[in-house]
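Take these sequences, add in the hints, and give me the full structure.
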Amino acid sequence: MMKKTILAVIISMSLITLFGCGIGQKHSEESAAVAMVNGTQIYQEELDAHLERVKMSYAQFGVDFESEEGKEMFEQIQEEVLNGLIEQQLLLQAAQSEGYKADPEQVEEALADIKAQFSTEEELIETLDTLGLSMDDLKEELANEMVINQYLEDQIGEIELSEEEQQEAYLAYEEEIGEKLDDETKQLINEQLKWQKRSERRQELVDQLKQESEIEILL
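Taking this note's numbering, I'd label the letters of the sequence shown as residues 253 to 471.
These aren't lab readings, by the way, just hints derived from the structure by calculation.
These numbers come from a predicted model, not from an experiment.
Calculated lysine-lysine pairs in the DSS-like style (CA-CA distance at most 27 Å, straight line):
hint: 1; residue 1: 446; residue 2: 462
hint: 2; residue 1: 432; residue 2: 446
hint: 3; residue 1: 307; residue 2: 391
hint: 4; residue 1: 353; residue 2: 462
Here is the structure:
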């Protein structure tokens with residue numbers, strides 16, 4: 253069960269990466285706001301659509317959200333998804349305030365890459381429809397993700413590892429598996445260390461933006 257849950261989380265996060273966190277997603281007039289980020293509303297419809305994507309991923313691994321355990325898990329997921337929406341909105345606002353814009357050609361290239369993963373454009377449109385997105389929504393999501401990624405790249409900068417950090421990680425892993433590491437494994441460990449440091453710096457940036465912002469949870 254634990255392995256299935258972990259796999260579901262990975263797939264859910266892949267969906268988040270591919271289709272963004274719903275920034276700027278269209279909403280009906282009846283949809284209530286669930287959060288305010290510096291005056292910008294995040295709507296229940298956006299949250300629900302994103303939760304459906306995550307639930308679809310979990311369902312593949314037999315997670316039953318009607319069970320007591322499933323209901324508890326869903327509450328945690330809802331909180332995490334809403335927090336993700338808020339963080340993405342904060343990053344987008346920060347990037348736009350500093351003049352970051354997506355290159356239209358790069359957006360079209362990214363869209364072409366996604367289209368290439370489907371047999372036909374109609375198949376992509378059907379997939380987007382199940383996720384509550386249109387083709388225009390997808391282009392907007394891609395543009396927003398590019399803006400955020402450019403901003404994060406400049407804010408976080410180059411990630412460097414000290415010799416001490418590397419050796420400590422190698423030794424810990426060697427003790428765990430009981431054998432010496434080859435160069436390929438060391439490289440994988442280095443990439444993991446860089447990813448961890450990058451994630452930590454991103455979170456530090458987000459925490460700073462939260463302190464400087466007006467955020468209201470309306471759930």
